[in-house]
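Novice: Could you put the whole structure together from the sequences, leaning on the hints where they help?
Every number in our numbering is 303 more than the matching position in the sequence shown, counting from 1.
Among these hints, one or two may not hold up.
As the list claims (entries may be wrong) - Have a look at the derived ranges for each label pair, beta carbon to beta carbon: (1) S1022 - Y899: 42 to 52 Å; (2) Q561 - G432: 52 to 62 Å; (3) V839 - H1004: 30 to 40 Å; (4) Q952 - I332: 44 to 54 Å; (5) M990 - A682: 32 to 42 Å.
To be clear, the hints were calculated from the coordinates, so they are not data collected in a lab. Fair warning: this is a prediction, and the values are worked out from it, not measured in the lab. We put the CB at the ideal spot given by N, CA and C, even for glycine.
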Amino acid sequence: MHTQSSSEYWNRSGSLVHTDPLGKIDAEIPENVRLYFFGGTQHGPSGFTTEIGDGQTAPNPADYRPFLRTLLLALDRWAKEGIQPPPSVYPTISDGTLVPWTQIATGFPDIPGIRYPGVIQQPSFLDFGSRWQDQRIIDNQPPIPRGNYHVLVPRSGPDGNELGCLSPPEVAIPIGTYTSWRLYREDGPAANQLYSLSGSYIPFPVTQAERERTGDPRQSLEERYGTAETYLGQLEAQCQTYEAAGYLLKEDTERTLQIQRERVTPLFSSHYDVVIYGGTSAGIAAAVQVKRMGGSVVVIEPGRRIGGLTTGGLGQTDIGNKAAIGGIAREFYERVRRYYDQPENWKCQRREEYRDGGQTQTGSKEEAMWTFEPSAALAIMQDLVREYDIPVIYEQRLDRTSLSKSNARVRGVTLDGRRIVAISTESGQTWRGQMFLDATYEGDLMAEAGISYTVGRESNEVYGETLNGVQTQHAKYHQFMPGVDPYVVPGNASSGLLPGVDANGPGTEGSGDHRVQAFCFRMCLTDHPENRIPFVKPDGYDPLVYELLLRNFEAGEKGMPWINSSMPNRKTDTNNRTAFSTDFIGYNYDYPEATYAEREAISQRHREYQQGLMWTLANHPRVPDPIRNEVARWGTCRDEFEREDGWQQQLYVREARRLVGAVVMTQHHCQGREITQDAIGLAAYTMDSHNVQRYVDPNGHVRNEGDVEVGGFQPYGIS
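Specialist: Structure below.
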């Protein structure tokens, strides 16, 4: 038996397996040989994702492994018992399903935004010299190319899906085009070259209107199936046909139907009362409320996890005033209490051993609990999603390649006048609704819709405030000890500033700028030996990045450079503290408006910074012994964020874009001098900004700027 994905046609000259070297005639296949070529597949299934990465399209998720399982059993029966396996399935020249690789020859449709390959892997005829054929002696070194072998590929049907192959059920009954080729991004070093052994998934338009608007020649899901039930019925029939022919096991039919049911059901329900972009805790709460009001809702989550920071490490709730927390937010904390009332959820300590404290301390008669593990928060969020039957679509990022803000059609956002009527993601999928909510931290939907917003700090003059803009005079917390030198060589300005120190100075007091307060990862750490992953030095570790930390210790800093708030099961929510800590000051200014790739690079740099910080604190000899010994006994958790060795994906985006609407929340609202007339919620915590930049003061020493911590006021309404 010979099996291969159809990606081999493009990347490994796969047609030469079953044609002559000139690609003119089909090879004769003996009776004791079987060929099974899996149509519309890449070399290894990708999993269902819309992440484009270095390619121009999402990779191909079509899964041929069920065929492999069935055929392996058939091969075993053939060898042991002489039972004939099912017939070969592969494209041939004679029936017109194996053709030259040009787009004209294959009949691949012109799909908007999709480039057809201009290259293919095509080996050369090599002339080794006159003695090679008879004596296997090489006279030509290197061998001389004498033209190319003629490679062919499967013909495409009207949807771009390959003919003549044994196609997985999801390709035979498609919801998109599954190609055996994929191209590298046009702006990369391998522009428009074949992405090695990878294929593409190009979803069909959902509705006829979408197809007509985009000019897509492929029938929409609405036109070809109408409903999810019709699609699943056709898929089941195809699976049963494969079962009867000996290509598929019954258990794989059941598995395929379940997987595809989860994928396609939301696609056939793409018009909702409310479309929520962002599965943060705010997005999930909004979806719950829509369901309670009898509406239809969908949550489009750009990443792999719902809950945002609530499930991303921020388990130490900054409360301010517990009485201000109501509605679905309080229900969440009540669910936290019920979760930890279950003995089985205490795995690393007993319930009575856990001590919370301060503003988050849970009273004995309280029905809520205010601290929690990331995994506990995720379990509660997932319970809410299940209980209210909320469809959540993961890994769908808004298409931000805007055509023009003045056009009615912006790729990610479709407008009818000034009203949003649909949003589209990078995968090409579209969701329509009566109302759209942006529940992300970045405000991408808001921006793509052309809504006014601002980034950075306004000057105090804009709204008549005193705590906006540059704040050197209020920056007394999380500050360097006196006398810390900012230069690479202490006292030598010509040696240059240490990393993170701004050479341009802080700016005029109270003036506006583009800067935003620092970000970090809210680390979940543990000191439980069996659950702890020790801190390691990251690749590319630069000791100069942490020189200010060490100089601050040497200048007299005695405080622990973190707030290690206690969470259940001997875990923490670890946050910034002192002048040099988990906040990566000065490295996030571009984040709010950055591309997805740029944001990922910024996020990765923050992660590497904190990994290096933790290793330094736990190992460096210039760190005071009490601090080094304390940090060294902690590490990330094996049972949290398991795909990333305990490091979460969710960056603590404290601030990004801010909407500028009819009402702008200011210092005056916080301090009760202005009252919001259309409040949708209450705020009760201190006005709190983390540091924004580092600079050299007039004495030649390094200082932090931007910290604001002003409280002492009552809860206030949020517009």
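Novice: Each hint needs a verdict: does it hold in this structure or not?
Specialist: To see whether the hints hold, each was checked on the structure:
no.	hint	in the structure
1	S1022 - Y899: 42 to 52 Å	violated, 30 Å
2	Q561 - G432: 52 to 62 Å	holds, 59 Å
3	V839 - H1004: 30 to 40 Å	holds, 33 Å
4	Q952 - I332: 44 to 54 Å	holds, 49 Å
5	M990 - A682: 32 to 42 Å	holds, 33 Å
In terms of the numbered hints stated before, the structure departs from hint 1 and from no other.
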